[in-house]
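Enquirer: Sequence:
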Amino acid sequence: MQDLPGWLTRLLVNNLFWISCGVLFSVVIACLVFFFIKKSSAFKKRHFARKMAELTSNIQPNADFEMYLKNIESRLDTLVSVNREMRDKISWLEGQIRVLLTCKETAESPKSVEDLIYEACEGGKPVMEVARAFGRDKGEIELILNIRRLKNNREEAL
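28 is the number of the first residue of the sequence shown in the numbering used here; add one for each residue after it.
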């Protein structure tokens with residue numbers, strides 16, 4: 028700084044100068060961002076208007092429109108029938124759940140699903156039949172049985 032002329036040294040040392048440069052730079056950047064946002068929104072509006080004009084010009088005479096409406100009506104009828112079926116199935120399931128919840132529990136402690144699977148397999152049922160009965164995959168039933176065997180082997184080893 029000693030080699031610089033006095034006016035340049037005072038300018039570099041003056042904090043107010045650097046603050047004003049930073050503010051000016053920020054204002055210029057903000058103006059540029061605002062300009063690009065406005066330009067992009069105007070472009071989007073023009074593009075939307077152009078697309079709407081294309082869509083409205085492509086509408087065919089009433090025959091295509093009526094066919095389109097009939098297609099929509101048939102789809103709507105299908106959806107209504109599926110909705111009724113689903114509602115009936117859900118109400119049936121709710122009834123079944125109510126029945127299950129109101130059933131009295133037996134005097135003995137309830138058995139877990141795994142215990143029931145063990146009993147079924149020990150009774151001689153094939154794994155595939157047990158899987159169907161419990162609504163599980165064959166691999167899942169085999170995994171449950173293998174875990175039991177591993178636990179039994181570990182207990183015997185101890």
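Derived from the structure by calculation, the hints contain no laboratory data. All of these numbers come straight from a predicted model, not from anything done at the bench. It is possible that some hints are incorrect.
As the list claims (entries may be wrong) - Below 20 Å or equal to it, Euclidean Cα-Cα: the simulated SDA-like pairs (lysine to any residue) are:
| id | residue 1 | residue 2 |
| --- | --- | --- |
| 1 | K65 | R77 |
| 2 | K116 | G166 |
| 3 | K152 | S139 |
| 4 | K66 | L82 |
| 5 | K138 | C148 |
| 6 | K178 | G166 |
| 7 | K138 | G151 |
| 8 | K71 | V54 |
| 9 | K138 | G122 |
| 10 | K66 | V54 |
| 11 | K116 | L127 |
| 12 | K178 | G162 |
| 13 | K178 | Y145 |
| 14 | K71 | E81 |
| 15 | K71 | L59 |
| 16 | K165 | L185 |
| 17 | K178 | L128 |
| 18 | K71 | F61 |
| 19 | K165 | C148 |
| 20 | K116 | D104 |
| 21 | K72 | F62 |
| 22 | K66 | I56 |
| 23 | K138 | A158 |
| 24 | K97 | E81 |
| 25 | K138 | L172 |
Enquirer: Are the hints correct? Go through all of them and say.
Expert: Here's how the hints hold up against the structure:
1. At most 20 Å may separate the alpha-carbon atoms for a hinted pair to count; K65 and R77 meet this at roughly 18 Å.
2. Between K116 and G166 the alpha-carbon distance is near 29 Å, which puts this suggested pair outside the 20 Å criterion.
3. The suggested pairing of K152 with S139 holds, with an alpha-carbon distance near 18 Å, which does not exceed 20 Å.
4. The straight-line distance between the Cα atoms of K66 and L82 is roughly 24 Å, outside the 20 Å bound, and the hint therefore fails.
5. At roughly 15 Å between alpha-carbon atoms, K138 and C148 fall within 20 Å of each other, so this suggested pair holds.
6. Taking the CA atoms of K178 and G166, the gap is about 18 Å. The hint holds against a cut of 20 Å.
7. Taken as a hint, the K138 and G151 pair is honoured in the structure, with Cα atoms around 19 Å apart against an allowance of 20 Å.
8. Taking the CA atoms of K71 and V54, the gap is near 26 Å; set against the 20 Å cutoff, the hint is violated.
9. For the hint linking K138 to G122, the alpha-carbon distance of about 24 Å lies beyond 20 Å, and the restraint is violated.
10. For the hint linking K66 to V54, the alpha-carbon distance of about 18 Å falls within 20 Å, and the restraint holds.
11. Straight-line distance between C-alpha atoms of K116 and L127 comes to about 16 Å, which keeps the hinted pair within the 20 Å bound.
12. A C-alpha spacing of about 24 Å is found between K178 and G162, which places the hinted pair above 20 Å, so the restraint is violated.
13. Taking the CA atoms of K178 and Y145, the gap is about 13 Å. The hint holds against a cut of 20 Å.
14. Distance hint between K71 and E81 is fulfilled; the C-alpha atoms sit about 15 Å from each other, no more than 20 Å.
15. Taken as a hint, the K71 and L59 pair is honoured in the structure, with Cα atoms around 18 Å apart against an allowance of 20 Å.
16. For the proposed pair K165 and L185, the alpha carbon gap of about 31 Å is over 20 Å, so the pair is violated.
17. A C-alpha spacing of about 33 Å is found between K178 and L128, which places the hinted pair above 20 Å, so the restraint is violated.
18. Proposed proximity of K71 and F61 is supported: the alpha carbons are some 15 Å apart, at most 20 Å.
19. At most 20 Å may separate the alpha-carbon atoms for a hinted pair to count; K165 and C148 meet this at roughly 12 Å.
20. Simply put, K116 and D104 have alpha-carbon atoms about 19 Å apart, close enough for the 20 Å limit, and the pair holds.
21. Proximity of K72 to F62 is assessed by CA-CA distance (about 16 Å); at most 20 Å being required, the pair is judged to hold.
22. With a CA separation close to 15 Å, the supplied pair K66 and I56 stays within the 20 Å bound.
23. A C-alpha spacing of about 17 Å is found between K138 and A158, which places the hinted pair at or below 20 Å, so the restraint holds.
24. Distance hint between K97 and E81 is unfulfilled; the C-alpha atoms sit about 24 Å from each other, more than 20 Å.
25. Restraint check for K138 and L172: satisfied, since their Cα atoms lie roughly 16 Å apart, inside the 20 Å limit.
Figure legend: structure checked against the earlier numbered hints; hints not met, in rising order: 2, 4, 8, 9, 12, 16, 17 and 24.
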